[in-house]
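S.K.: Spelled out, the chains give:
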Amino acid sequence: MGNVPTAVKHCLSYEQLIQDYPWLKRLLLEEKNITGHEYPEFVRIVEVGPRDGLQNEKEIVPTGVKIQLIDMLSGTGLPVIEATSFVSSKWVPQMADHTDVLRGIHREPHVRYPVLTPNLQGFHDAVAAGATEVAVFGSASETFSKKNINCSIDESMLRFEEVIKAAKERQIPVRGYVSCALGCPYEGHIEPSKVSEVAKRLYEMGCYEISLGDTIGVGTPGSMFKMLQSVMAEVPTNALAVHCHDTYGQALPNILIALQMGVCVVDSAVAGLGGCPYAQGSSGNVSTEDVLYMLHGVGVETGVNLAKVLEAGDFICEALGRQTNSRVARARGRTL
Amino acid sequence: MAAVVRLVNRSALGSAMGQRYVAFSSAAKVNAAGLRAGRTLPDKVKIVEVGPRDGLQNEKTIVPTETKIHLIDMLSASGLSVIEATSFVSPKWVPQMADQVEVMKGIDRKPGVSYPVLTPNLKGFQAAVKAGASEVAIFGAASELFSKKNINCSVEESLQRFDEVVRMAKEAGVRVRGYVSCVLGCPYEGNVAPEKVAHVAKRLYSMGCYEISLGDTTGVGTPGSMSDMLEAVSREVPVNALAVHCHDTYGQALANILVALQMGISVIDSSVAGLGGCPYASGASGNVATEDVVYMLHGLGIQTGVDLSKLMDAGAFICRTLNRRTSSKVAQATCKL
Chain A
1 MGNVPTAVKH CLSYEQLIQD YPWLKRLLLE EKNITGHEYP EFVRIVEVGP
51 RDGLQNEKEI VPTGVKIQLI DMLSGTGLPV IEATSFVSSK WVPQMADHTD
101 VLRGIHREPH VRYPVLTPNL QGFHDAVAAG ATEVAVFGSA SETFSKKNIN
151 CSIDESMLRF EEVIKAAKER QIPVRGYVSC ALGCPYEGHI EPSKVSEVAK
201 RLYEMGCYEI SLGDTIGVGT PGSMFKMLQS VMAEVPTNAL AVHCHDTYGQ
251 ALPNILIALQ MGVCVVDSAV AGLGGCPYAQ GSSGNVSTED VLYMLHGVGV
301 ETGVNLAKVL EAGDFICEAL GRQTNSRVAR ARGRTL
Chain B
1 MAAVVRLVNR SALGSAMGQR YVAFSSAAKV NAAGLRAGRT LPDKVKIVEV
51 GPRDGLQNEK TIVPTETKIH LIDMLSASGL SVIEATSFVS PKWVPQMADQ
101 VEVMKGIDRK PGVSYPVLTP NLKGFQAAVK AGASEVAIFG AASELFSKKN
151 INCSVEESLQ RFDEVVRMAK EAGVRVRGYV SCVLGCPYEG NVAPEKVAHV
201 AKRLYSMGCY EISLGDTTGV GTPGSMSDML EAVSREVPVN ALAVHCHDTY
251 GQALANILVA LQMGISVIDS SVAGLGGCPY ASGASGNVAT EDVVYMLHGL
301 GIQTGVDLSK LMDAGAFICR TLNRRTSSKV AQATCKL
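Chains as they are written, first to last, in the UniProt record's numbering: chain A, 1 to 336; chain B, 1 to 337.
Read the hints as simulated data drawn from the structure, not as lab findings. Each residue gets a CB set at the ideal place from its N, CA and C atoms; glycine is no exception. Where hints are given, some of them may not hold.
Stated by the list, open to error - Derived DSS-like pairs (lysine-lysine); straight-line CA-CA distance at most 30 angstroms:
hint, chain 1, residue 1, chain 2, residue 2
1, A, 146, A, 165
2, B, 46, B, 105
3, B, 202, B, 148
4, B, 92, B, 60
5, A, 226, B, 46
6, B, 44, A, 226
7, A, 165, A, 147
8, A, 226, B, 310
9, A, 226, A, 147
Said to hold, decoys possible - Taking beta-carbon pairs under 8 angstroms as the criterion, some of the chain A residues facing chain B (in silico):
hint, residue
10, 223
11, 247
12, 248
13, 253
14, 279
15, 290
16, 293
17, 299
18, 327
19, 330
20, 331
Whenever a hint applies, use it, and build me the whole structure from the sequences.
M.R.: Encoded structure:
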């Protein structure tokens with residue numbers, strides 16, 4: 001339109017059009033489908049029950065039960081199941097049987113079984129046990145980092161760099177976690193910029209995906225939105241995941257807003273396994289069943305069979321002698 | 001969670017924790033969280049507290065009148081502007097509400113706070129007015145089967161009954177709120193067409209109800225079905241005359257409320273401590289907990305006028321009396337065991 005006089009351009013402008021024909025605005029907006037939310041077509045669920053969930057359960061679960069749980073989950077369509085953690089059994093007794101678990105599970109084709117590797121030692125043990133994907137855990141809070149893994153954020157990044165380097169040599173993908181993304185039990189409010197700084201570092205180091213964790217579940221759709229806005233400026237949206245805790249009942253609306261912003265990977269735990277170690281008696285991880293119910297309800301595909309997840313949830317709750325945290329699990333089967 | 005979990009001095013992270021985060025995150029209004037072109041979230045939301053009526057009605061234990069009165073008085077002190085006090089239904093059907101007159105007369109009516117009561121028919125309406133009610137509520141259903149099973153008549157017949165009540169109420173200068181139940185699904189019929197909901201909502205609104213509360217009676221709704229239903233209803237009833245009444249039976253309530261807010265709804269029904277199980281799913285939760293709703297709204301920068309800690313006090317009180325655990329996750333998280 002290089003040679004068209006300005007006046008004509010103005011006449012053809014959107015603003016002028018809307019001014020002259022107000023009814024047109026509604027038509028154009030409707031076509032853009034603002035009345036319907038845009039959700040991703042497909043959302044990948046990362047099942048963290050066997051690791052994050054069980055790690056926060058008081059009862060030590062026998063190896064056989066862990067293996068059976070993972071095998072049941074493998075049959076549900078879940079594409080990623082976090083199997084165990086190669087951390088010193090001195091610190092996390094629940095995960096002492098990491099090698100036996102990884103070796104004992106049936107590895108379903110098309111399902112990935114990442115394991116936590118906090119340091120190089122853990123990484124080597126994981127590889128020796130057959131791990132094909134690993135995860136490292138950073139924090140957006142200095143105090144949390146110091147109290148949890150006994151070092152500053154910077155020091156932890158150096159550790160992870162070693163792991164990531166070793167992983168790259170073996171073509172093993174690494175997932176990065178950022179905890180305290182929406183608040184810290186010690187520091188309170190966490191600046192979104194701090195989260196994006198840590199997320200960016202992990203991503204640039206070579207993590208293929210960054211899972212942003214609301215570790216104590218204090219986040220709301222308001223803080224989730226602000227945090228994601230900040231992180232999305234540094235890390236591509238398709239490399240992001242959200243890991244919401246339901247301690248304050250906010251997990252599902254937080255996940256919903258993340259989806260509306262384009263995030264398409266969601267972490268959850270079958271039966272909402274794993275309480276919150278910072279709020280005694282409270283819930284922790286969001287339940288996979290409840291997440292699936294919501295996602296399917298908004299037309300998102302997950303490839304996961306909810307009924308089979310419910311079965312796996314029933315199994316582990318019976319083994320643990322505890323009630324499920326999933327509201328869907330509690331409600332179904334009893335409705336008319 | 002990090003690989004190593006250390007024991008934490010839990011008492012240092014007690015009840016103030018949740019409040020701190022709410023204070024921080026509500027600092028700026030998150031308009032963009034509306035995420036819908038041309039629509040922002042409401043600045044203010046009115047909470048309609050249904051614990052003393054809908055909540056207690058669905059609790060197994062019969063609650064003494066004094067307790068009900070004390071609960072309502074505590075709720076009045078928390079900043080809530082609407083508290084559904086009781087139901088003028090026959091005690092034969094709902095024994096929990098048999099003390100309707102005593103409750104109505106016994107509560108401390110805080111100025112600026114409304115205390116609507118249910119009135120299923122003319123007789124109930126007259127009894128309510130006599131007991132001092134200045135606002136009433138009527139309950140329609142979007143499902144024929146539910147209507148027949150619940151109030152023994154068809155949807156059309158119930159609307160005719162309500163017509164009488166609304167006319168009398170107009171003459172008496174009493175406001176009427178209309179409820180539509182089963183808006184996102186029915187325990188008997190299954191799926192409920194959004195158009196049916198819109199039809200019933202429109203009838204109630206045209207009759208003279210100032211507000212229509214759309215109830216997901218069995219909590220089966222998701223943000224998808226909520227969105228579809230609200231789209232249909234808002235074509236017939238102005239959105240500022242609509243409210244949502246979500247049940248948390250499938251854990252979807254807050255997500256459904258969020259979507260409703262994004263679509264312009266600014267009135268939310270909820271129940272302190274999530275009182276009231278679901279009569280259609282034994283052991284399951286029912287009403288969404290007011291504490292959890294307020295936590296989310298404040299986190300979005302939306303004003304409610306409610307003091308969350310006073311609200312939690314009321315919740316703690318009623319749960320102690322009922323000898324049951326709160327259904328509110330916020331209350332569970334901030335309570336020191």
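S.K.: Does the alpha-carbon distance linking residue 202 of chain B and residue 148 of chain B stay inside the 30 angstroms limit?
M.R.: Roughly 20 angstroms between the alpha carbons, so the hint for residue 202 of chain B and residue 148 of chain B holds.
S.K.: Taking the closest Cβ pair, is residue 330 of chain A under 8 angstroms from chain B?
M.R.: holds, 5 angstroms
S.K.: With the threshold set at 30 angstroms, check whether the alpha-carbon distance from residue 226 of chain A to residue 147 of chain A stays at or below it.
M.R.: Distance ~26 angstroms between residue 226 of chain A and residue 147 of chain A Cα, so the pair holds.
S.K.: So, as I understand it, the hint says residue 327 of chain A touches chain B; can you test that by seeing if any CB pair is closer than 8 angstroms?
M.R.: Hint holds; residue 327 of chain A Cβ to chain B Cβ min 3 angstroms, cut 8 angstroms.
S.K.: With the threshold set at 30 angstroms, check whether the alpha-carbon distance from residue 146 of chain A to residue 165 of chain A stays at or below it.
M.R.: holds, 23 angstroms
S.K.: Under 8 angstroms is the threshold here; is the Cβ of residue 293 of chain A close enough to any Cβ of chain B for the hint to stand?
M.R.: Holds, because the Cβ-Cβ distance from residue 293 of chain A to chain B comes to roughly 6 angstroms (cut-off 8 angstroms).
S.K.: Measure nothing beyond the straight line between the CA atoms of residue 44 of chain B and residue 226 of chain A; if it is 30 angstroms or shorter, mark the hint as holding.
M.R.: holds, 20 angstroms
S.K.: Does residue 331 of chain A pass the interface check with chain B, least Cβ-Cβ distance below 8 angstroms?
M.R.: holds, 4 angstroms
S.K.: Using the nearest Cβ pair, does residue 223 of chain A come within less than 8 angstroms of chain B?
M.R.: holds, 4 angstroms
S.K.: Under the criterion of a CB-CB separation shorter than 8 angstroms, is residue 248 of chain A in contact with chain B as hinted?
M.R.: Since the shortest Cβ distance to chain B is 5 angstroms, the answer is holds.
S.K.: Less than 8 angstroms between beta-carbons is the criterion; does residue 247 of chain A satisfy it with respect to chain B?
M.R.: It holds, given that the least Cβ distance between residue 247 of chain A and chain B is near 5 angstroms, below 8 angstroms.
S.K.: Under 8 angstroms, Cβ to Cβ, is where residue 299 of chain A needs to be relative to chain B, so tell me if that hint holds or is violated.
M.R.: holds, 6 angstroms
In this structure, none of the earlier numbered hints is contradicted; all agree with it.
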